[in-house]
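One-letter residues, chain by chain:
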Amino acid sequence: MTAIDEPLTSVADPEGYTLSAWERRFIGIHLFIAIVALGIGSLIGPLQALEFSNVDLYRYLEPVLQSYYQGLTLHGVLNALVWTTFFIVGFTTFTTVKGLRRPLSHPKVNVAGLVVMVVGLLMTAIPLLLDQATVLYTFYPPLKASWLFYVGLTLVVVGSWISGVGFYLTLMAWRRENRGVRSPFIALAGVINAAMWQIATLGVAVEMLTMLIPWSFGLIDATDPELARTYFWFTGHPLVYFWLLPVYISWYGMLPKQVGGRLFSDSIARLAFWMFLIVSVPVGFHHQFADPGIPQVWKWIHAVLTYGVALPSMLTAFTVIASLEYAARRRGGTGLIGWVRALPWNDPSVAAQLLAGILFMFGGIGGLTNASYNVNLVIHNTAWVPGHFHLTVATAVTLSFMGITYWLVPHLSHKRLWSPKVAVVQAWTWFVGMVIFSNAMHMLGLLGAPRRTPLGEAPYVPEEWNGHLLRVSIGGTILLISAITYLVVMWKTFRGPKASPSEVPEAPIAESLRDAQLTPVWLDRFKPWLIVAALLVLLAYGPQLVDQIVNMNLNSPGVDFDIW
Amino acid sequence: MTESETQQEDSTQLTMGIDPWERNWIRFSIALLVVFAALVTIAGFAGGFQLPGVDSEVDPRTVTDSGPWSEPGVREIAPGRYEAYVIAQAWSFTPREIVLPIGAEVDIMVTSVDVQHGFKVSDTNLNMQVVPGQVSRLSFTFDEVGEFPYICTEYCGQGHAAMYGTIRVLSEVDFAALADDSSTEEASS
Numbered sequence: 001m002t003a004i005d006e007p008l009t010s011v012a013d014p015e016g017y018t019l020s021a022w023e024r025r026f027i028g029i030h031l032f033i034a035i036v037a038l039g040i041g042s043l044i045g046p047l048q049a050l051e052f053s054n055v056d057l058y059r060y061l062e063p064v065l066q067s068y069y070q071g072l073t074l075h076g077v078l079n080a081l082v083w084t085t086f087f088i089v090g091f092t093t094f095t096t097v098k099g100l101r102r103p104l105s106h107p108k109v110n111v112a113g114l115v116v117m118v119v120g121l122l123m124t125a126i127p128l129l130l131d132q133a134t135v136l137y138t139f140y141p142p143l144k145a146s147w148l149f150y151v152g153l154t155l156v157v158v159g160s161w162i163s164g165v166g167f168y169l170t171l172m173a174w175r176r177e178n179r180g181v182r183s184p185f186i187a188l189a190g191v192i193n194a195a196m197w198q199i200a201t202l203g204v205a206v207e208m209l210t211m212l213i214p215w216s217f218g219l220i221d222a223t224d225p226e227l228a229r230t231y232f233w234f235t236g237h238p239l240v241y242f243w244l245l246p247v248y249i250s251w252y253g254m255l256p257k258q259v260g261g262r263l264f265s266d267s268i269a270r271l272a273f274w275m276f277l278i279v280s281v282p283v284g285f286h287h288q289f290a291d292p293g294i295p296q297v298w299k300w301i302h303a304v305l306t307y308g309v310a311l312p313s314m315l316t317a318f319t320v321i322a323s324l325e326y327a328a329r330r331r332g333g334t335g336l337i338g339w340v341r342a343l344p345w346n347d348p349s350v351a352a353q354l355l356a357g358i359l360f361m362f363g364g365i366g367g368l369t370n371a372s373y374n375v376n377l378v379i380h381n382t383a384w385v386p387g388h389f390h391l392t393v394a395t396a397v398t399l400s401f402m403g404i405t406y407w408l409v410p411h412l413s414h415k416r417l418w419s420p421k422v423a424v425v426q427a428w429t430w431f432v433g434m435v436i437f438s439n440a441m442h443m444l445g446l447l448g449a450p451r452r453t454p455l456g457e458a459p460y461v462p463e464e465w466n467g468h469l470l471r472v473s474i475g476g477t478i479l480l481i482s483a484i485t486y487l488v489v490m491w492k493t494f495r496g497p498k499a500s501p502s503e504v505p506e507a508p509i510a511e512s513l514r515d516a517q518l519t520p521v522w523l524d525r526f527k528p529w530l531i532v533a534a535l536l537v538l539l540a541y542g543p544q545l546v547d548q549i550v551n552m553n554l555n556s557p558g559v560d561f562d563i564w
Numbered sequence: 001m002t003e004s005e006t007q008q009e010d011s012t013q014l015t016m017g018i019d020p021w022e023r024n025w026i027r028f029s030i031a032l033l034v035v036f037a038a039l040v041t042i043a044g045f046a047g048g049f050q051l052p053g054v055d056s057e058v059d060p061r062t063v064t065d066s067g068p069w070s071e072p073g074v075r076e077i078a079p080g081r082y083e084a085y086v087i088a089q090a091w092s093f094t095p096r097e098i099v100l101p102i103g104a105e106v107d108i109m110v111t112s113v114d115v116q117h118g119f120k121v122s123d124t125n126l127n128m129q130v131v132p133g134q135v136s137r138l139s140f141t142f143d144e145v146g147e148f149p150y151i152c153t154e155y156c157g158q159g160h161a162a163m164y165g166t167i168r169v170l171s172e173v174d175f176a177a178l179a180d181d182s183s184t185e186e187a188s189s
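Top to bottom, those sequences are chains Z and A. The opening residue of the first sequence carries number 1 in our numbering; numbering runs sequentially from there. The opening residue of the second sequence carries number 1 in our numbering; numbering runs sequentially from there.
Since the hints were derived computationally from the structure, they do not count as laboratory data. Each hint should be verified, as a subset may be incorrect.
Unchecked claim - Derived Cβ-Cβ restraints for the label pairs, each shown as a range:
1. A:Arg81 - Z:Ile365: 36 to 42 Å
2. A:Gly80 - Z:Val559: 37 to 43 Å
3. A:Gly67 - Z:Thr369: 51 to 57 Å
Unchecked claim - Per the computed footprint, the stretches of chain A lying under chain Z, defined by three or more beta-carbons under 8 Å from a beta-carbon of chain Z, are:
4. 108-118
5. 149-163
Since this is a predicted model, take the numbers as computed values, not measurements. C-beta: ideal position from N, C-alpha, C; glycine also.
One chain only, chain Z, in its complex shape:
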């Protein structure tokens, strides 16, 4: 920490590009859909949490929601798939144009991406709302949803691919205009995430196109559920990094600026993203440790590779905390840990992201447990698992995204954030609610409670679970209050009067402590990393996947009635 007294002047003007009205609206549409999805999905979540204490609100919600499982499916699809994907595509559009300080090179491509995503979303929504796709967000065959569900979800993914191509083309255009210059971090990182997503979603694309869609149309009679699981988890694990990497863009590339400092290490930030590109995908079998039909040796190989993907997150922990400490000491913070108090906790965007980061440490530790070849059997398919991912996707990701919207929505809409104080309270209530909820879920899982099960009505629940079940309900209720608060803040901001230009928050784009131009060229090149990524996928998935495809047995038709 030698550079603390160095004056914090910009090497280049980070505000060198002002978004056009069209760009602001285009990104805003993504965020609007995302926040509506989060709103609906989050209002449904507590119905599950309250059911655990025998408060069954579903009976009052008929005919809107037919069952716990329909609510749970909506909660999962809207929050984990729709909120995340629309936010990420909108946010990446922002980091691309703002980072590169140039407009999209092929805006029609990006518009096409959004249109396809919206069409897909509408197609998915119909069967979900009609209770014809109550298959949860993992849609394991042979539970059979309406064809609209499969085609719709596929289109959402295809739309995100098209937008990804738009980002890539824009980066290539920038590079032609700026030969020899290192790509700006936030733009490069967004494109790396888009590339990782395109590789990762090949699994679910093959599952949809070769099995689920033909089956839902009646072209084939039956499925191979184990092969479907392998396809699904090829995508299912990197999906979590697709959610997480935009958060890392903010934590590395924006949060340091928001707290008054700089990015501690540009090189490490880039290295972490490239590592995610190569090791996010070949780890999916660690979701299938308890599966039949997959040799133990492949499960073990993926377990080891999963420790590899923990490394970039550990690098991130250091660099992000070092960036925060650098800023806090500039602000007069002292002490080994005491500097944390010097951070601007009254800024809701900062508070939300710091609290998200704190819970993510616990989420990461739990994740290592999940990935452990032996310990996984204790918690597979138990309440521990949703307990875990409510720390990761529902806090590290969602609370950070909320924090980002606290400056991004005012920035795009030229409004002032409605009541920063209320927004700070929102962040804290989310944190407190999630600590209670998630801890209780982890405990229930260790005691053997199954995941995604209405435990309020389950006949096998022993008395010792009751205290934890109650805490799930309490945590869920606090989270409901927090979610409603968030929606109110967003709505009041959105509907508020136009603010004067000086009141509109600027986009926080952090400078690196060291000139990014000193970062080695190999941290700015796609080709070597893409080759390594492809090789690793082929080595870690190829033999077993080919074996399962060659020996495919389409013999599971499912049941001939709506099982839900």
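Here the structure of chain Z is known, so what remains is to put chain A in place on it, guided by the hints.
Just chain A now, kept in the frame of chain Z:
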């Protein structure tokens, strides 16, 4: 960090510029993860630990027509060694109860005839995804008397929350008495 103050396009400066503290953290992280991987490998392959793996494949449409799957249940195959065939079907297990004497080593095989299910026995390492077309298999030795519920841990439709069964582990005496009872019943019926 001081080299950043002389920023020149000099190829000798194109290093990653990693802070010494950060370098040590990276070393520590790698070492920690290697130790974790090693420990998990040892724990996973020593001491009889097992995960489900490749067993047999079946046709879920016909699996209950013949062979052991036509009569699911538990049977003794050698003194102290048992095997249990369990059918998972929305929304119950067949059999609903497995009775074993203390110390019994049992091979549990589960398959589904409709959708995916889960099979997790509380307070043990028995936890299997149950997938139509595949046989899930683990073995376990029950060293304690008591009741161990096996719970369906995978969503399988409206009745999923009620889907469970019970493994009852009895003392030698109780188990022998039960065996006598059932043989008398069979004789009298």
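These are the hints, each one checked on the structure:
1. The supplied range of 36 to 42 Å is met by arginine 81 of chain A and isoleucine 365 of chain Z, whose beta-carbon atoms lie about 40 Å from each other.
2. One distance hint, 37 to 43 Å for the beta-carbon pair glycine 80 of chain A and valine 559 of chain Z, holds here, with the actual separation near 39 Å.
3. In this structure, glycine 67 of chain A and threonine 369 of chain Z break the distance hint of 51 to 57 Å, their C-beta atoms being roughly 39 Å apart.
4. Residue count for the stretch 108-118 of chain A with a Cβ under 8 Å from a Cβ of chain Z: 4. That meets the three needed, and the coverage hint holds.
5. With a cut-off of 8 Å between beta carbons, the stretch 149-163 of chain A has 12 residues touching chain Z; three or more are needed, and the interface restraint holds.
Taken one by one, the earlier hints fail for this structure only at number 3.
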